[in-house]
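Engineer: For the protein sequence lines, the chains are R and Z, in the order given. Convert by adding 3 to the 1-based position in the first sequence; the result is the number in the numbering used here. Convert by adding 55 to the 1-based position in the second sequence; the result is the number in the numbering used here.
Please keep in mind that the hints were generated in silico from the structure rather than gathered at the bench. Backbone N, C-alpha and C fix where the C-beta goes; we use that ideal spot for every residue, glycine too. Take every hint as true, because none was put in to throw you off.
Here are some, though not all, of the chain R residues that point toward chain Z, as calculated from beta-carbon distances under 7 Å:
| # | residue |
| --- | --- |
| 1 | L24 |
| 2 | I50 |
| 3 | P76 |
Computed list of lysine-lysine pairs in BS3-like fashion (alpha-carbon distance at most 30 Å, straight line):
| # | chain 1 | residue 1 | chain 2 | residue 2 |
| --- | --- | --- | --- | --- |
| 4 | R | K46 | R | K198 |
| 5 | Z | K249 | R | K117 |
| 6 | Z | K295 | R | K18 |
| 7 | Z | K150 | R | K117 |
| 8 | Z | K293 | R | K18 |
| 9 | Z | K249 | Z | K295 |
| 10 | R | K213 | R | K228 |
| 11 | Z | K249 | R | K18 |
| 12 | Z | K300 | R | K18 |
| 13 | R | K18 | R | K193 |
| 14 | R | K18 | Z | K150 |
| 15 | Z | K83 | R | K193 |
| 16 | R | K117 | R | K18 |
| 17 | Z | K83 | R | K46 |
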Amino acid sequence: MSNRPTVSEQYLYGKLTWPELRQAAEMNKVIVLPVGSTEQHGKHLPINVDNFLATNLALTAAQRAPDKILVAPTIPYGFNVHAFDFPGTMHVPRDPFVDYVVDVCKSFSYHGFKRIVLYDGHGSNMPPLNLAARRIALETDAMCACLIWVALLGIDPDHMQTWRESQIPGGCAHACELETSAYLHFDATKVQMDKAEDNIAWYNDPAQSKFGAVDLLAGGSNPLKVVEWTSTYTPQGVMGQATLATPQKGEIIVEEAVSRLIQFVEQFQTLPETERRDHHPKQSSSPLPAE
Amino acid sequence: MPTRPTVAQQYRFDHLTWEEINQAAALKKVVVLPIGSIQQHGPHLPVDTDELIVTSLALAAGERQPEKMLVAPTIPYSYCLEAMDFPGTVSVASKTFMSFCVAVVKGFAYHGFDHILLLNGFPRNDNLIELVGRQINLETDAICASTTWTSLLTIDPEFNKSWRESNFPGSAHADEFETSVYLALDAISVDMSKAVDEIPSDGPSPFVFEDHFGGGSVYLPTWTSVRSTSGVMGQPTKAKVEKGKRIFEEAVSQFLEIITEFHDRPKRPRQEHQAGPSLGPLPLGVS
Chain R
4 MSNRPTVSEQ YLYGKLTWPE LRQAAEMNKV IVLPVGSTEQ HGKHLPINVD NFLATNLALT
64 AAQRAPDKIL VAPTIPYGFN VHAFDFPGTM HVPRDPFVDY VVDVCKSFSY HGFKRIVLYD
124 GHGSNMPPLN LAARRIALET DAMCACLIWV ALLGIDPDHM QTWRESQIPG GCAHACELET
184 SAYLHFDATK VQMDKAEDNI AWYNDPAQSK FGAVDLLAGG SNPLKVVEWT STYTPQGVMG
244 QATLATPQKG EIIVEEAVSR LIQFVEQFQT LPETERRDHH PKQSSSPLPA E
Chain Z
56 MPTRPTVAQQ YRFDHLTWEE INQAAALKKV VVLPIGSIQQ HGPHLPVDTD ELIVTSLALA
116 AGERQPEKML VAPTIPYSYC LEAMDFPGTV SVASKTFMSF CVAVVKGFAY HGFDHILLLN
176 GFPRNDNLIE LVGRQINLET DAICASTTWT SLLTIDPEFN KSWRESNFPG SAHADEFETS
236 VYLALDAISV DMSKAVDEIP SDGPSPFVFE DHFGGGSVYL PTWTSVRSTS GVMGQPTKAK
296 VEKGKRIFEE AVSQFLEIIT EFHDRPKRPR QEHQAGPSLG PLPLGVS
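The following block holds chain R by itself, in its conformation from the complex (with noise of 0.2 Å):
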């Protein structure tokens, strides 16, 4: 039987206890939350791919720099009405989803723990994620940053073409050759690439939308953002090439997730406190519009 870890070398938030918590937080240990959702990604992939790969990356990440990394656990429900069309796919509402991540991130930082990481692994969960880590950033007095896991591929604007075959934009959108690839790479037996299908949305096409492409590694390109329901611009729920996917492209693109992610905690885990300067004349005697 091996032994349990220490407080230094665990890196699951679950699997610690009261008094070990309390010395995780005077470790000044970062907190990850992935937050995910279980939505929808085509014919060949499981529902489970954005908290499946969310909370893979942390772990792999957390493995590496268990000092450093509380990976806590996944919320698994995430904001994603506009892809009901398809089934299995869940929702939360703005505010209780927003909410809901608020209070377990001011229930870390109660406990002394004043650097969060949103990791999201979905992206409709982004605006209401900013705006929860806005919140904790308001609200509380730790620091909260909030991050879509593939913005760390767009670090080095090389690395992309060590691996991207799909067009630009649109062949990387939604269980397409990166998130497929990247699957396959954590466990290939749930993928059935046999029904992977390619779909490029029709707004992809510059003749029918010179503002409007949508591709997660396009740097958010499109100036024009307009969310319908998903069932209008996909039949079969791809946006990309998930053709294309393999194994060999997702290890490639997990170790560099996992490699900035762990530059990004490293960093900001040193950051300096910031001191809040109130320019009043004197304290207000009404309290802050707060949420």
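On the provided structure of chain R, position chain Z as indicated by the hints.
Structural biologist: Just chain Z, lined up with the frame of chain R:
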């Protein structure tokens, strides 16, 4: 390479594709939604105790009866404000927690699953989860039931006598019972060298006392730290892995019986007895 399970064999909701979800709904599978809590469990048990037990229980049942059920991803965090004096406890406002649960269950109903069973891991939240089920039954065509896992062990009135050594009452948290089950599920994560016995400091009262298997007739809530210095209520030093294995097995087999009954339970038609059509909407008032 293992073959991919068929929809009938697959008991994990989130391992299906969207096409397979349609098939699973047509197979009339019961969706089981485990609801945990991340909270202090004394100096010897990890804070994921409730989440681990309820998830493991649902999956063990699913493995044995996959044709009748699908286990959805566990909602890990819930309302637990009273334990916030102990580091690591996470609490989500009760209203937010309930709205979150209602939204998820309405999602199952929307996709055609008409039998949903909420499996609660934190006994103190059984009232909140009952409210969730009630709302679903009145606002959707689905039927939603809830059960708190500890109640599975009182179905057979003789069962708890067969393992319990700790005093009654007073066995209520991170006790002989929960510690034994954690030992059975993941012994490496338990630090038995730190286990301490502590009986809640309520004083003798015929009205106010707590126990996993039968509390007093009066509920008098307060901060956990008022009642226990270690976070333990009970006698975890009496925990044993063998007791945990027997308790878990009993819970799984009783849960399977519940699934079997609930799977076949019809939703009976509502009868409206007003003399004429109602002049306004129902006072639902909650969302």
